[in-house]
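Could you build the full structure based on these sequences and the hints that come with them?
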Amino acid sequence: MKKTFTGGVHPPGFKKLSRGKAIKQAPLPDEVFIPLAQHTGAPCEPAVKKGDLVKTGQLIAKSDKFISGFIHSSISGSVTAVKNSPHPVLGGCKAIVIKSDGKDERVEMDAGGAVKDMVRRAGIVGMGGAAFPTHVKLSPPAGKTMDTFILNGVECEPYLSCDHRLMLERPKEILEGAMLIMDALGLKKCIVGIEANKPDAIEAMGSAILGFKNSGCDFQVVSLGVKYPQGAEKQLIKALVNREVPAGGLPFDVGVMVNNVGTALAVYEAVKLKKPLYERVVTVTGNIVKEPQNLLVRIGTPVRDLIRFCGGTTKDIGKIIMGGPMMGIALHTQDAPVIKGTSGILVLSGEEADKRSWDPCIRCGKCVDVCPAGIVPAHLGICAESEDFKAAQLYDPFDCIECGACAYVCPSLRPLVQWIKWTKMRLRGTEVK
Amino acid sequence: MTQNNLIVSQAPHVRSGDSVKKVMWSVVFALIPAGAAGVFIFGMHSLWLTLTAVLSALLAEALVMWIRKRPMSLSDGSALITGMLVAYNLPPAAPLWIPAVGSFVGIFMGKQLFGGIGRNIFNPALVGRAFLMASWPVYMTTWSSPRWAPDAVSTASPLSILKEASGHAAGGNLPDYLDLVLGNRAGCVGEVCIIALLIGALFLLIRGYITWHTPVSFIGAVGILSWAFMGDGFLKGDWVFYILSGGLVLGAFFMATDMVTTPITRKGQVVFGLGCGIITFLIRKYGGYPEGVSYSILIMNAATPVIDRFVRPGKFGGRKK
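Protein sequences, first through last, are from chains Y and V. Residues in the first sequence are numbered from 65 upward in steps of one, following our numbering. Residues in the second sequence are numbered from 406 upward in steps of one, following our numbering.
The reader is advised that the hints may include incorrect statements.
Heads up, incomplete: computed chain V residues facing chain Y, CB under 8 angstroms, no partners named [claimed, not checked]:
id, residue
1, V413
2, S414
3, H418
4, R524
5, I526
6, V665
7, I669
Residues from chain V that keep clear of chain Y, each with C-beta distances beyond 10 angstroms, as calculated [unchecked claim]:
id, residue
8, K427
9, F434
10, A441
11, W541
12, T547
13, L610
14, G638
15, L687
16, G719
Hints listed in this document are in silico derivations from the structure and should not be mistaken for laboratory results. Each residue gets a CB set at the ideal place from its N, CA and C atoms; glycine is no exception.
Encoded structure:
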């Protein structure tokens, strides 16, 4: 029986739309909109101004705060503005707008220093979607000892196939990146977790680790049960090494470090190729997209350009989602740009997009059965619905990983994740009115 | 095509396709075999009882929705289930005004006064039944034998025979196991044919709308306690008989599993089932009634909010507190 965690759901995958398509370079955009906030942590301050000429890979924004990420230009050209622009998550955000000169002249990053310094200089953040600054992960608090590195190749969201293609096409570089991370933390053991629905990737990574036999590290590829959200950090750790990250804790609390395969690749490129993070693989897909595929996209490229490059759509667009259908964020405009955490652009038609209103909770318990975090989403939903946030505290709202499994199965179509997110904001006092 | 009127709403953006309607109508479907058996065993009057109860339930629901100025929810199927269960809990010779009143009270008092679907504490069908038992006890305990039995008029149900005989061997009056499984005995319209009930229950189990937790805990508790204490001597009880008699199978699979009025966690459901089993046993052995299933469920319904307040699913990493 395949390793897995308790709970979870099985939404239809639709990965066949794009998993067979090799990564293709998207055409250079005419104009990019690079937001100053595209990672977990403090937004950056611009290091350029209107009129400046920039090269690809040049530093254009940085922050003094530790939990933040440097930002680099993704094309060469001139800065036409530093202004408020559409942002996929925030709605609007200050962004550096650069008009391409078509030449794509590159500039290398400064080398030297420890791996974590280079990672910081390269602006690397978690590529699985959460965009947490990687150099922070490489600097665990004193006293936290770790023994295992987990490479997350699960990609459990339906439709997405960018990590799948990376594992097929660049397995060696991913593992080189993993080695750099392990050396930085003094880890000797690495487990690569891949869902069983990617047998070719399991084979590719399985062959690639043979080349690392004499590296001094122990590599292992493990095939995991196909279930959403198998790729969620805590669930992945539970399935692979049977350790439970405590409520409110982080992986280092159980001696584990987890990184997405795309992040490992970015670390390799930064350290060995002196290339900062200015492009990433994005799966542009959907049943109504004419030519769904996996594209290597420059950060700041408007979504509109990508959809056009894929031939447009066969039906009117209902929703455009940044990410996957379970946790992705619905965009309000096609002018929203690709940012560092954009693993996919999913286009849904009006019929595919669920927009019905909801019924009272019938207490069927399906949400409880599927919840990977072991809480009772129904209770949180009822509390939020009556705005009784004090009562909501009794039901562990902060244990929720916001995976969406509960709302997916709810027969009453209740917006449980939305309510729980709101509850968390109210309890933290961070609600934006 | 460029187009900017995009739908912006929260994740998840896909759903499993389940709906309240699907859940409720599945239960209706699962209840049909038991009702059909009731008609076959006791005659056409069983059908009229069921239809009257269903119509009365729908009427009560429509009336309240109209008073509350809410959109009509009749098609979700939940009132239909209440009607069927009220009828299934009646002796087959009950006059038609009995289910008419009982069903109406069940929906009105047991469900709508609490706020409608999802908000009631007590099982509406059982509220109706309890009301009928208290108001017209004679009609509610006047049993009939199956159509083909020689003494077709007033008879006694197996559990009431045992109650009279105070647990001692009641002689050859009692049906055997096969009779009990097929429903060849006196009893309520929908409770007697065990095999029809199990077929329906199996359908719901496969669909995933009920799980084994409540029925196994409930029936298991009754079985073990009957085996221990309901015979001539310790551990000499005829537990098979006690499991197949009365309304236990109907109650354990179709009423103690009612989603709204029972605990939301599986662990909580085990607690619920055990509680029902223990109370059923106590009423059967020491109480004034021969059967305790309905009251045990109603009592445990009252305990459900407390069970839900304290029982956690407990699947992942310890709680901070």
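So, going through the hints one by one against the coordinates:
1. V413: 5 angstroms, holds
2. S414: 6 angstroms, holds
3. H418: 5 angstroms, holds
4. R524: Where the cut-off is 8 angstroms and the nearest Cβ of chain Y is about 7 angstroms from R524(V), the hint holds.
5. I526: 11 angstroms, violated
6. V665: Given a least distance of 5 angstroms, the restraint on V665(V) holds.
7. I669: 5 angstroms, holds
8. K427: 7 angstroms, violated
9. F434: 16 angstroms, holds
10. A441: 27 angstroms, holds
11. W541: With a cut-off of 10 angstroms, W541(V) remains clear of chain Y, as the shortest Cβ separation is near 32 angstroms.
12. T547: 36 angstroms, holds
13. L610: The claim stands: L610(V) keeps its Cβ more than 10 angstroms from every Cβ of chain Y (closest is about 14 angstroms).
14. G638: For G638(V), whose nearest Cβ neighbour in chain Y is about 41 angstroms away, the distance exceeds 10 angstroms, so it holds.
15. L687: The claim stands: L687(V) keeps its Cβ more than 10 angstroms from every Cβ of chain Y (closest is about 27 angstroms).
16. G719: 6 angstroms, violated
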